[in-house]
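K.L.:
Full structure from sequences and hints, please.
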Amino acid sequence: MTEPVLSARGLSKRFGPVQALDGVDIDVRAGEVLALVGDNGAGKSTLIKLISGIYSVDSGEFSFEGRPVKIGGPASATELGIATVYQDLALCDNLDVVANLFLGQEEIVTGPSSAFRALDEIEMERRSHQLLRQLSVTIPSVRSEVGTLSGGQRQQVAVARSLLGEPQVVMLDEPTAALGVVQTKQVLDLIGRLRERDLGVIVISHNLANVFEVADRIFVLRLGRKAGLFEKSKVSEEQVVGAITGADTAEQERQP
Amino acid sequence: MKVGAPDVAAPETAPAESTSARDLFRRFLQGDLASLRVILAIALIWIIFDLQNERFLSASNLTNLFLQITAVGLIAVGVVMVLLIGEIDLSVGAVSGLAAAVMAVVNVKHGWAPVPAIALGVLTGAAIGLLQGLLFTRFRIPSFVVTLAGLLTWQGALLLVLGKTGTVNLTNSGITDLANTFYGPVVGWIFAAAAITAFALVTLGGHRRRLAAGVTTEPAPLLIARIVAVAVVVIIAVAILNSDRGLPLALLILLAFVIGFQALTTRTVFGRHLFAVGGSAEAARRAGIGVDRIRVIAFILCSSMAAVGGILAASRLLAVNQSSGGSNLLLEAIAAPVIAGTSLFGGRGSVWSALLGATVIGSISNGMNLLALESSVKFMITGGVLLLAVIVDAVARSRRQAEGRV
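In order, the protein sequences belong to chains A and B.
Quick note on numbering: the first sequence equals residues 1 to 256 in the numbering used here.
Quick note on numbering: the second sequence equals residues 1 to 406 in the numbering used here.
Hint data in this document are derived by calculation from the structure and do not stem from the laboratory.
Calculated pairs, SDA-like style, for lysine to any residue (alpha carbon to alpha carbon, straight line, at most 25 Å): (1) LYS378(B) to PHE66(B); (2) LYS185(A) to SER45(A); (3) LYS70(A) to ARG285(B); (4) LYS378(B) to ILE45(B); (5) LYS70(A) to GLY288(B); (6) LYS70(A) to ILE289(B); (7) LYS185(A) to LEU208(A); (8) LYS232(A) to THR2(A); (9) LYS378(B) to LEU388(B).
Predicted, not measured: the structure shown is a model, and the values here were computed from it.
P.N.:
Shown next, in the form of structure tokens:
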């Protein structure tokens, strides 16, 4: 097995009386999709937010590409190469696809007009085409207003945007929630292409059918603790459900 | 585990660059046609008033009309900045009066030269914008409340600055020339030629560069049509102005600010962030944009433009008095961009709308004065037009929401 690109040991986080996470170890490797599943309140979102620097850890350590690192905030996670796509996508509906892709990291024209921080629309549009083509994202036009796009297309734009910073790890929070069948397929295909780009992908999902379609390994959280880690090819949906609900405690220690 | 190469060839099923005709048509509807709608409304208003009184479309009255809209237009340009971030500034009228009073007092009573006096007036506006922007962002008080308090405060400050006499007459030509200078026909036509050439070069140059880079561009016929339309409007306007007193400096000042702010909002990183904050402040914040910084700058620009408008108004009136910046000025400056398609809800609109909307409002007010209507009727008609504009905005917004676009 390849060396994990990101690994975390003993992650714990407490919110007042609630122990949201309790000593969780997690690894993600380059070129794999790791699905993060668990019931509501199992700690999935907390885990993602610890890795993306939105919450600070109470205890626990991270290492990135084998080096021990500290994640001090969202900016330091981004700098390491960890990108996160949240469920609410955080897109500006009144701006077009290009403007959304480059929001906050716009290309600026070189030369005399750089003093005014003039936008280099041509370069941004060219790079948008390139990126979306690589990802086989289908949208009417890169100049479409994002508000006019379907849920699946918006999700794809959000994922594409996270790739502009050339991250090594991408985390997706419920990317297929509220999507139709065709759109879900598009997003799952896109996740597959992230794997082909050798990225480490962590996907939170409630939908086990989707998880089994796209994931390489399945990490189950229950009540803030690791309740199992399965190779997809060696596990049945019933076993995963058992781990999620805690019905099948015998499966808990099963490791790949 | 399956590990692919980083540069796996993408499937050939990605027509990401194909711009659908429907999309282009939609952009045309939102862009040119929205402006066209307002221009048609202006034409309709002009025809109606001209049928009532044939002096309405005389060169002399149209020149007056242009002069009448400069102050409102300049203030409205600033108002667009705060409307784009989804906020409002109710203090622009009072700020325009106060800034003009500051300029007038230091010029007339303290003997300052025109340029530093004008600069101090504009700086007064900028400082007020900074203060209101900081109050709004630091204490999370709705901009409506901050600027409503500002309206009263700056009105009080206006009375204080003017002192007991209550009126300061402007005599220094450096200030009064701003609104009372007219250029002869030669300058007018040189301006027309330069403006049309510059517009054509910028439009076609951008088109050529986009074609060369292989990215989307609007169809050439649409661009040519736009250039021809601009050329026709400029030539007719200059011809009318030349047959009266000539090309007014005040109009050039207004156009310079409109073009400058149009470029700022559509072609710079700041402008992009302005729209982003208005569209979704949360998305902008997560993209690493300093949302509060953008908001404070928007308020500074708004109050500064209010000051510029107030100075032009004072120059035209040849005085600053206790009613400077009062009356309908505030409402007209906010209504102007909204009438011409800038949303009160943020994230949608343009600086052009300030100019177009000011023309609509100015035409109605000028025409009603020409017909010597009763004040009662004028107030009610103006109120009705403003209400209609806001209803159109609200309907457009709910239609966008119905289409799934917020």
